[in-house]
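Colleague: Listed in order, the protein sequences are those of chains Y and G. Using this note's numbering, read the first sequence as starting at 1 and increasing by one per residue. Using this note's numbering, read the second sequence as starting at 1 and increasing by one per residue.
Do not rely on the hints blindly, as some may be mistaken.
Per the computed footprint, the stretches of chain G lying under chain Y, defined by three or more beta-carbons under 8 angstroms from a beta-carbon of chain Y, are [to be verified]:
| # | region |
| --- | --- |
| 1 | 93 to 103 |
| 2 | 119 to 128 |
| 3 | 144 to 157 |
In case anyone wonders, no lab produced these hints; they're calculated from the structure. Quick caveat: nothing in here was measured; it's all calculated off a predicted structure. Note that beta-carbon positions come from the ideal geometry of N, C-alpha and C, so glycine has one too.
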Amino acid sequence: MKKKETVLVAIILLLVLIGTIVLDAALPSYHIAIKVVKKATVYSLVAVSMNLLNGFTGLFSLGQAGFMLLGAYSYAVLCIPVAKRAGVYQQYNGGIVQFSLPEIFSNLFGQTVGTTVGMLLALLFGGLLAAVFAYLIGLPVLRLKSDYLAIATLGFAEILRAFFQWRALGPITNGSNLLKNYPDFSHATSYIILGGLLIAVIVLLVHSTYGRAFIAIRDDEIAAEAMGINLAHHKRLAFVISSFFAGVGGGMLAMYMGAVQALSFKSAMTYEILLIVVIGGIGSITGSILTSFLYIASVEWLLRGLDSGKFLGISAPAIFKNGFRMAVVSVIIMVVVLFFRKGIMGDRELPDLIRRRAKRGGGAS
Amino acid sequence: MSENLLKAENLTMQFGGVVAVDNLSLEVNVGEIVALIGPNGAGKTTAFNAITGVYEPTNGRVTFDGQVIVCNHPQGRMKRSYKGECAETYVHERVLNPTPDQITKRGMARTFQNIRLWKSQTVFDNVLIAKHMLSTSNVLTATFRLNRREEEKQRSEVLDLLKLVGLDDVRDELATNLPYGRQRRLEIARALATNPKLLLLDEPAAGMNPQETLELAEFIRSIRSELGLTVFMIEHHMDMVMRISDRIYVLDFGKLIAQGIPSEIQANPRVIDAYLGVSDDA
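Generate coordinates for the entire structure from the input sequences, incorporating the hints supplied.
Modeller: As C-alpha cells, then:
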C-alpha cells in the first residue's frame, strides 16, 4: 500500500512537470498562463514556508513580506549586470556594488551554466540573509505568544520596508527607486523545478524528527517541554528555516516581477499569503500549493474579465468595472471558508487523498 | 537499596502572598514507589511543578541522582514578602532554575493531571516524538535522512515500548480516539520513551473506575520491576496508594504533616483528621 502511494504521488508530480514543459513549448513566455504558473509557484513556496511556521509549529507570524523583501533585494542587487548599473542607480552614481554574480560565474563556467549558477547563488544568499535576520529578530520576539508575536513580526516587516527606502542606503538599495534589468528564468519549468525541490526539502523536514518536534510544540507546548523538547531552540529553528525559504521565495518573486521596489512588499502581501495558507488548510502543504495555484490563477487570469467588462460571455460594462474582481474574490473566499472550515485540505496531504480513495475502492470490491 | 534518587530540601513555593508549598523536604530512593497525598489544594501538583522546572521555587534545593538540579532563595521583591522558613539557607549557593526540558534530559519524566497528549498525532507518533530528545542528529542530517539508522532504532524501540504497555494494537489510531484509561497509559508510555530513571505521575488514576485503577496499579508495579524505575506519584485513590506505595508523604496546606509506610499513614491521627477521614463503619 505504502509503495503504491509513493508511486502515485511520483506520477502526479511527473505529470505536473510534463504539463509545464508542454506549456512552455506551446506558449510564448509572455503568455498569461506561463506567468500564472511562475507566480503561483513562487507563492506556493512562500505559503509552504509560512505554513511551516504557522501551521506546523503553531507560531503565528506575519513577517513573511519582510523576509521576502530581503530575498528580493539580495537577488536584484547581486544580479544586475555591471554595465546596466549606471542606468539603474541613476541617482547614486551606479551604486557601490560593482559586480554581478551571474557575470562572474559565466566567465568561469560559460554563459548558460554560469548565469544559472550565479542566479541560484544570489537566491541562496537572499535566503541566508533572511535567515540571519530571522535569528536576530527571533531572539527577543519569539518569547511572545500568538497575537503578540504576529504584531511584533508585522512591525518588523514594516520597519524593514521603510528602512530599505532610506536614502542613505541608496548606493545599495537604490532608495525608493526600482531595481531592474536583472536576469530571469524564462521558462516556467525552471520555476516549477526549483520551487518543487525547495518545497520537497520542507516536506522532508516536516516528516523528520525535528518536524515532529515542531508539531508537538504546536499541539501542546507544555507537554513538548516536559518531554525534553527545548522550546526556545526549536521555535527559533522553525522561524529561521521558514524565513530562509521566504527569502528564497522573495528572490524568485523578484525574478518573476522583473523589477523590485520595497513599496510592493506591503503587509497586504503577507495577508495574501496568509489567506492562501488558511484556505488551503493550516498544516497542509498540499493545500497551500493547490490554493496558491487556484488563487493566483483566478485573481490574475480567470476573473480578469470581471474588471474589463466581459466575463463568461456576459458583457456588462456597467457592473464589471475596475475593482469588481476583488469583490467577487472576497465573496468566493468567504463562501469557501464557510463550507471548508478547516480549509480545502484540512490537515491532509496528497497521499491521504490517494489512501482514502484506495480504501473506498477496496471496500467496494 | 536506600540510595537517594530524588531529594527535595526546604522546598517553598510562594505566589504573591500565598505559600502554596511550605518548607517541603522529601526523599525518593532508588527503586521505590513513593506517593504524595493530601486534600485538594494542598500543593501536591505545585510541588511537582517546582521539582520538574515548570515553576521556579521561591526557596529550596532539589537534588537528583547526586547532583543539585534546582536551587533558589528569595530574591528581589520576594525577599521582603517571603513568608516561608529557611530564607538564608541557600543564599550562598548557586541559583539553578532549569527549564522542564533540561530536567527531563537528566532522567526525570512526568505525566500530567489533565491528559496532555499531542492530539493531532497517532499513538505511535506520540511516543516517537518523546524520543526526539535522545536524537543526536541535527536539523540538516535529519531533513536529508542521514540519520536513518538512529530513526529506525527509535522506531523499533517505540514499538517495543508500545508492546510493553499493551498499546501496540492501536498504534495507528489518533491519540484522542483512545478510551480515557488507555490515554493515561499512553501518557505513561510517552514519558517512558525518554528513558527516565524517575517517573513522576500526577494523579495517574484520576477519573478511572475501580477496575481500571486496579489494572493501573499492577501496570505501575510491573514497569517498575521490568524497567528498573523509581516512581513518585500524586494520587487520590487510597486503595491504590496503600496497595503499591513503599512510602507515603502527606501534604496539607502546603506543609508536610506525615510520612511513613502505608500502615503508619493509615493509623496517623493527623492524616485521618486532615484527609482520610473516618469511615462510617469504624
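Colleague: Which hints, by number, does the structure contradict?
Modeller: none
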